[in-house]
Amino acid sequence: MTDNIVEIDNLSFGYKGRLLHKGINMAFPRGKVVAIMGGSGSGKTTLLRLIGGQIKPTQGEVRVDGMVVHEQDRDGIYQLRRKMGMLFQHGALFTDLSTFDNVAFPMRELTDLPESMIKDLVLMKLNAVGLRGAHALMPTELSGGMARRVALARAIALDPCIIMYDEPFAGLDPISMGVICDLIRSLNDALGATSIIVSHDVKETFLIADYVYFVADGVVAAEGTPHDLMQSPLPFVHQFVHGEKDGPVPFHYPAGNYQSELLKQRL
Amino acid sequence: MIARVWRLGAGARLFFLTIIYSGESFRRFHLTLREIYFTGVMSLLIIIVSAFFVGMVLALQGYNTLQKYGSSEAIGVLVALSLVRELGPVVTALLFAGRAGTAITAEIGLMKTTEQLSAMEMMAVNPIARVVAPRFWAGVISMPILAALFSMVGVLGGYLVAVPLIGVDSGAFWSQMQANVDVRADIINGVIKSVVFAVACTMIALFEGFDAPPTAEGVSHATTRTVVISSLTVLGLDFVLTSFMMVV
Numbered sequence: 001m002t003d004n005i006v007e008i009d010n011l012s013f014g015y016k017g018r019l020l021h022k023g024i025n026m027a028f029p030r031g032k033v034v035a036i037m038g039g040s041g042s043g044k045t046t047l048l049r050l051i052g053g054q055i056k057p058t059q060g061e062v063r064v065d066g067m068v069v070h071e072q073d074r075d076g077i078y079q080l081r082r083k084m085g086m087l088f089q090h091g092a093l094f095t096d097l098s099t100f101d102n103v104a105f106p107m108r109e110l111t112d113l114p115e116s117m118i119k120d121l122v123l124m125k126l127n128a129v130g131l132r133g134a135h136a137l138m139p140t141e142l143s144g145g146m147a148r149r150v151a152l153a154r155a156i157a158l159d160p161c162i163i164m165y166d167e168p169f170a171g172l173d174p175i176s177m178g179v180i181c182d183l184i185r186s187l188n189d190a191l192g193a194t195s196i197i198v199s200h201d202v203k204e205t206f207l208i209a210d211y212v213y214f215v216a217d218g219v220v221a222a223e224g225t226p227h228d229l230m231q232s233p234l235p236f237v238h239q240f241v242h243g244e245k246d247g248p249v250p251f252h253y254p255a256g257n258y259q260s261e262l263l264k265q266r267l
Numbered sequence: 001m002i003a004r005v006w007r008l009g010a011g012a013r014l015f016f017l018t019i020i021y022s023g024e025s026f027r028r029f030h031l032t033l034r035e036i037y038f039t040g041v042m043s044l045l046i047i048i049v050s051a052f053f054v055g056m057v058l059a060l061q062g063y064n065t066l067q068k069y070g071s072s073e074a075i076g077v078l079v080a081l082s083l084v085r086e087l088g089p090v091v092t093a094l095l096f097a098g099r100a101g102t103a104i105t106a107e108i109g110l111m112k113t114t115e116q117l118s119a120m121e122m123m124a125v126n127p128i129a130r131v132v133a134p135r136f137w138a139g140v141i142s143m144p145i146l147a148a149l150f151s152m153v154g155v156l157g158g159y160l161v162a163v164p165l166i167g168v169d170s171g172a173f174w175s176q177m178q179a180n181v182d183v184r185a186d187i188i189n190g191v192i193k194s195v196v197f198a199v200a201c202t203m204i205a206l207f208e209g210f211d212a213p214p215t216a217e218g219v220s221h222a223t224t225r226t227v228v229i230s231s232l233t234v235l236g237l238d239f240v241l242t243s244f245m246m247v248v
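Chains as they are written, first to last, in this note's numbering: chain A, 1 to 267; chain B, 1 to 248.
One thing to keep in mind: the hints can contain errors.
Label pairs and their calculated CB-CB ranges [as the list claims (entries may be wrong)]:
1) A:235 x B:4: 47 to 53 Å
2) B:28 x A:67: 28 to 34 Å
3) A:123 x B:217: 38 to 44 Å
4) B:53 x A:73: 51 to 57 Å
5) A:123 x B:86: 53 to 59 Å
Okay, derived cross-link-like pairs now, SDA-like style, lysine to any residue, Cα gap no bigger than 25 Å in a straight line [unchecked claim]:
6) A:16 x B:1
7) A:56 x B:20
8) A:245 x A:173
9) A:56 x A:27
10) A:16 x B:118
11) A:119 x B:30
12) A:83 x B:125
13) A:119 x B:29
Just so you know, these hints were derived from the structure itself, not from any lab.
A quick note: this is a predicted structure, and the numbers were derived from the prediction, not measured.
Where a beta carbon is used, it is the ideal one built from N, C-alpha and C, also for glycine.
Produce the complete structure using the sequences and hints provided.
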């Protein structure tokens, strides 16, 4: 058994004639928290979808627990996904189900556990994210941070080996951000899982990640521990981690001459 | 044109997958029962009120014509046959498309927009088995019952106008209806029509929701398309089925 639970090997992916990823190599060791960072539109979320088998690579392969994801049939993909949990950017809670039923959903759908045991497990998962008292609330009654925590409880409902997080800190207040940050690390260690975080929030991600990949222009532009990357001399990484306005990624979208455009009657 | 053919193919594929993954809808019938409540029971009010008015108007218009030929007692037959053979299945399908069809499309479209379907997929739960199939069977079960109710309430509306209001003989109203409405040629054919319309309307609503671009505008257009395509399909199918039933 390899030490890496997920391996991405020479992966290329594109659509409509445009290559989004060009020969990416990544490894996600068991028990670690690994972050994929990069600017908006750099294909970070697409990498999660490739790992989950929702889309197929143009070239190369993704291996999960030694199995090539895109070579699996529907049942094989579903077997692999039972080892995964995913936290979507906005939670993706089922709006017609209560908090309790949302967390119970994967247990009821994928296991034959009796309802009494499901109740105990759900309350345990909700307690782990600090929301046992909110079990009766509907998703519309939850704040953004609470919804994200319920979604996290649902993602870990079946104790997955891999937990994927798509922008887990986006749009949260500093307190909720801190809570989610702490939960990702503590749940990963408690479950002995591997966490893959896609994010562009440098401070929070660097706080909990063991290893970070930077994706830019379809390739892995840099990789290393958060400490290494903070010291990185690479212009793109330096601009990204220090949040500088201008650098290799220009502030302005490519455009024509400003003065002549202002003098023109119409755009 | 190519896009339309592609959509037709994608719709047919969704239909076959829905049939293949329908086992869950019957093994866990409470999922289907819940959808029957939302599509069928919640459509009852609009169906009953519409049927009542349609029956009353049929009686008024029918009497106006029939009395010129001295056969106003045949009003019961006219109302019953119009409802059972045509108006019951067709108007129910049109109302169903407007009331339940749009709700199905909007719900599934929003589930897609808010990544609920993707979340289900990532949990190794098949959205076609869990979301699409129970709604499909709920529509197929609900619509023939709604069409039957439509015809019954329509006949009652026609009776109230024809007998107490206009003064047609009550015995003639019912006996002529009993003598001239045939179970196989009229009632069974009406039921067949409503089942076909149910499959078409529900499938169109489900496909439009499933295929909707994940944006507010995408869901809005999909909802509109559900009503337009369902209505045209029902009217077209009605002509085809009626012709076929006349020949056989």
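Each hint, compared with the structure:
1. A:235 x B:4: 47 to 53 Å: Cβ of residue 235 of chain A to Cβ of residue 4 of chain B: about 49 Å, so the range 47 to 53 Å holds.
2. B:28 x A:67: 28 to 34 Å: holds, 30 Å
3. A:123 x B:217: 38 to 44 Å: holds, 41 Å
4. B:53 x A:73: 51 to 57 Å: holds, 54 Å
5. A:123 x B:86: 53 to 59 Å: At roughly 56 Å between Cβ atoms, residue 86 of chain B and residue 123 of chain A fall inside 53 to 59 Å, so the hint holds.
6. A:16 x B:1: holds, 20 Å
7. A:56 x B:20: The given pair, whose Cα atoms are some 24 Å apart, holds under the 25 Å limit.
8. A:245 x A:173: holds, 23 Å
9. A:56 x A:27: holds, 18 Å
10. A:16 x B:118: holds, 22 Å
11. A:119 x B:30: Cα-Cα ~20 Å, so holds.
12. A:83 x B:125: holds, 13 Å
13. A:119 x B:29: holds, 22 Å
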